[in-house]
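Asker: Using the sequences and the accompanying hints, generate a full structural model.
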Amino acid sequence: MTKQFLLDGQPVPFEDGQTVLEAARAAGHYIPSLCWHKDFPPHGSCKLCVVKAAGRHVSACATPAKEGWEVESNTPEINGERRGLLQMLLVEGNHFCPSCEKSGDCELQALGYEYEVLTPRFRHFFPDRPVDASHPDVLLDFNRCIFCELCVRASRDIDGKSVFALTGRGIDKHLVVNAESGRLADTDFAKTDRAANICPVGVILHKRVGFAVPIGERTFDLATISEKTLKEGSS
Amino acid sequence: MSALPSDESAALDGILQRHRHDPTRLLQILIDAQDIAGWLPAPVLTRIAAGLDIPRARVEGVAGFYSFLYTRPVGRYRVLFSDNITDRMLGNAELLDALCRKLWIEPGKMSEDGLVSVTTTSCTGLCDQGPAMLVNGQAIGQLNHRRINEIAEMIRQQRPLELWPAEFFQVDDNIRLKGALLGLEMAPGEALKAAIARGPEGWLAEMQASNLRGRGGAGFATAVKWASARNAPGELKVIVCNADEGEPGTFKDRVLLNRYADLVFEGMSLAAWAVGAGEGFVYLRGEYRYLRPQLEAVLACRREAGLLGKNILGQPGFDFDIQIHLGAGAYVCGEESALIESLEGKRGTPRIRPPFPVIKGYLGRPTVVNNVETLAKTCLVALHGGADFAATGTAQSAGTKLISISGDCAMPGIYEYPFGAQISRILEDCGASDTQAIQVGGASGICLASYEFQRRIAYEDVPTAGAFMIFDGTRDLFEVARAFIHFFAHESCGFCTPCRVGTSLLKGFMDKLADGHGAKADLNDIDWIDRLLKNASHCGLGSASPNPVIDTLQKFRPAYERRLVSLDFEPAFDLDAALAEARQLTARNDPGAHLKTHEEEEEK
Numbered sequence: 001m002t003k004q005f006l007l008d009g010q011p012v013p014f015e016d017g018q019t020v021l022e023a024a025r026a027a028g029h030y031i032p033s034l035c036w037h038k039d040f041p042p043h044g045s046c047k048l049c050v051v052k053a054a055g056r057h058v059s060a061c062a063t064p065a066k067e068g069w070e071v072e073s074n075t076p077e078i079n080g081e082r083r084g085l086l087q088m089l090l091v092e093g094n095h096f097c098p099s100c101e102k103s104g105d106c107e108l109q110a111l112g113y114e115y116e117v118l119t120p121r122f123r124h125f126f127p128d129r130p131v132d133a134s135h136p137d138v139l140l141d142f143n144r145c146i147f148c149e150l151c152v153r154a155s156r157d158i159d160g161k162s163v164f165a166l167t168g169r170g171i172d173k174h175l176v177v178n179a180e181s182g183r184l185a186d187t188d189f190a191k192t193d194r195a196a197n198i199c200p201v202g203v204i205l206h207k208r209v210g211f212a213v214p215i216g217e218r219t220f221d222l223a224t225i226s227e228k229t230l231k232e233g234s235s
Numbered sequence: 001m002s003a004l005p006s007d008e009s010a011a012l013d014g015i016l017q018r019h020r021h022d023p024t025r026l027l028q029i030l031i032d033a034q035d036i037a038g039w040l041p042a043p044v045l046t047r048i049a050a051g052l053d054i055p056r057a058r059v060e061g062v063a064g065f066y067s068f069l070y071t072r073p074v075g076r077y078r079v080l081f082s083d084n085i086t087d088r089m090l091g092n093a094e095l096l097d098a099l100c101r102k103l104w105i106e107p108g109k110m111s112e113d114g115l116v117s118v119t120t121t122s123c124t125g126l127c128d129q130g131p132a133m134l135v136n137g138q139a140i141g142q143l144n145h146r147r148i149n150e151i152a153e154m155i156r157q158q159r160p161l162e163l164w165p166a167e168f169f170q171v172d173d174n175i176r177l178k179g180a181l182l183g184l185e186m187a188p189g190e191a192l193k194a195a196i197a198r199g200p201e202g203w204l205a206e207m208q209a210s211n212l213r214g215r216g217g218a219g220f221a222t223a224v225k226w227a228s229a230r231n232a233p234g235e236l237k238v239i240v241c242n243a244d245e246g247e248p249g250t251f252k253d254r255v256l257l258n259r260y261a262d263l264v265f266e267g268m269s270l271a272a273w274a275v276g277a278g279e280g281f282v283y284l285r286g287e288y289r290y291l292r293p294q295l296e297a298v299l300a301c302r303r304e305a306g307l308l309g310k311n312i313l314g315q316p317g318f319d320f321d322i323q324i325h326l327g328a329g330a331y332v333c334g335e336e337s338a339l340i341e342s343l344e345g346k347r348g349t350p351r352i353r354p355p356f357p358v359i360k361g362y363l364g365r366p367t368v369v370n371n372v373e374t375l376a377k378t379c380l381v382a383l384h385g386g387a388d389f390a391a392t393g394t395a396q397s398a399g400t401k402l403i404s405i406s407g408d409c410a411m412p413g414i415y416e417y418p419f420g421a422q423i424s425r426i427l428e429d430c431g432a433s434d435t436q437a438i439q440v441g442g443a444s445g446i447c448l449a450s451y452e453f454q455r456r457i458a459y460e461d462v463p464t465a466g467a468f469m470i471f472d473g474t475r476d477l478f479e480v481a482r483a484f485i486h487f488f489a490h491e492s493c494g495f496c497t498p499c500r501v502g503t504s505l506l507k508g509f510m511d512k513l514a515d516g517h518g519a520k521a522d523l524n525d526i527d528w529i530d531r532l533l534k535n536a537s538h539c540g541l542g543s544a545s546p547n548p549v550i551d552t553l554q555k556f557r558p559a560y561e562r563r564l565v566s567l568d569f570e571p572a573f574d575l576d577a578a579l580a581e582a583r584q585l586t587a588r589n590d591p592g593a594h595l596k597t598h599e600e601e602e603e604k
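Quick note, the sequences are listed as chains C and S, same order.
In terms of the working numbering, the first sequence has 203 at position 203, counting the first letter as 1, and numbering is strictly consecutive.
In terms of the working numbering, the second sequence has 414 at position 414, counting the first letter as 1, and numbering is strictly consecutive.
No lab work stands behind these hints, which were simulated from the structure alone.
All clues stand as given, with none of them false.
If you want a taste of the chain C side facing chain S, the calculated C-beta under 10 Å gives, among others: (1) His43; (2) Cys46; (3) Phe125; (4) Val177; (5) Asn178; (6) Ala179; (7) Glu180.
Because the structure is a prediction, the values reported are computed rather than measured.
The beta carbon of each residue, even a glycine, is placed where N, CA and C say it ideally should be.
Answerer: What follows is the structure, given as structure tokens:
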């Protein structure tokens, strides 16, 4: 007999070692995430996947499923926290969706729609984060960074280049590139790198193709992020 | 790659060689490299990366994480005022201001000649003799205007620190009440001999019987931790002494390391004997760097006496040694998995748990991380037996607890009480009167109001890592909470969204209230952020960070409410304050340059 836990009252089967997030998505239940990616070990920094398991808040992406657990995810309380976390990410950086070329393909924006972020709610931080246009093929717009570290991980673990790293601490944490000059052009970064094609928001942008797909026909214009994620499956 | 001057380059090579070009030594290398020029210029980071054969970005990532590492120039004299609430109560802001005026500099900015920079830092653990500062890592306490004048003069004359008056650097232990631990007189090795005689299993059983729990605050059973590490797979095991005493208001470990270092090191050896560990680290917070030379001397003596090294006390196969690893100004490294990351030469970001460090810790090895006081206490267990140790204290809290007392009292310092000691008795002993509130356990602890002073220090009642800050009737508890929130916002590692953004938002709300723009809606938002931080944070720093606000909002709500200007909503934006930069640029400060006075005049 397969093991199972209850997600919002619905039975979800799982195999040993599967996390709450993986098992839920495989069974057709959406739990949101920004920093989680199927090709990498759990990171657990964005906290959008936080669910209440047996009365305790845990990161669904990093918590192995447990037989008989009662897990709350799609509830007003948890969704309210997710909306708040998205609002935090939106005021922390400089996000101007109407003028962003990633609009419609951006996971942060898509989650904003999914969780009904209608106002910024908090004061904007308006950080000063200059862009880096030095590279011939790729533009870095740090204003939109949400610190998921997917580019850091992809460049280090898949591309074997370690082009990106985080420095600073707390609210001053920021992305840097692997060059004394601080310019992407002075690294061995290439537009074919995995790291160049993994940013869930609009930091790592390929030049000259920004509007090849018109607004209205983009990823999240055609399907919501939950529909898209579940359709693709989690494995 | 830009070139380095040849003498700096040679010094750097020496440092890299001394650390065997080992990337796990990266933080230690950066600390040493910074001693060359006082800061870490970009070419130095490049050179270190090349020397360790790791990406430069990783080196920059680590250098940017720690408060005491500088990737921009700082003054040859780096003055850091300790900014705990106890320092503030003793007037550190006024002294900082006075020093800056005398040196003609702005706080946080280096003087144009590169001579000096003055700013604040988190609690330096000198709360019993504040206000305090660090000058190039050397601690100076008991600051007053006379001392500040002398310091300004000596900096202007560029007098080397070695020639400053020795009494400036004197750090007092201020031991006020001795119990079983502080009264212990033990020849080095005595406890270890007793434990060896029992054999590792017998010794562990004795520890089990003692019911000793971790003194760092969490209160985990020490014997359980040791047994888990002992039974964990892996040949190489590690003992770490957590001397990253960063909790504001705590300074007991400073005193233990200064005067009872042998007990601490002996405790580490006792742990190694129980666990079967061969490698030991003391993670010494950067603020206590000045203790390092004397600690190294004690370690040398112990090696000499056969208490460290190979075949300790003639016991074949009992090999264990200890090295000191310096921190560099990061409170979060007191969290054990962040501490281990830091030990490995990385940014101090807490790991996902499980696996716990006792199973997979330093370099994947089973690792025991114990607090300084916990380790020292194991000597008592070894000498007098577990049952004897458990006979003191309460049902769930065996033994004694060191309390670091500071704030509004006649005799701040270190007090050792059996667990179960009543708060009111402690207040009486240290000469506190008209006490309005106390903060037990530091910024992340609990704020007690006067109606709770019959409560007791114990894991089952008021748990504490040892801080005990006293606030009398003249203090404003809102300002106390605000100071702690500033602390957490500064110390958040920035890994998870709730803590990185939430602590900064909370700081913004507290500042808004302090600036007189608060409204009832803000209290609702504060409440909401408090709950999110508690629920969704990645580690204990984040989940504890709202504690000061939660407690004071509940127990001292009027301190907040009297700051509210509206019961509804009030914007934080201050139109007049926005003109400050324009006023500075035009050197104007007349009434016409101020919006409010200008409007009032118009009305007339």
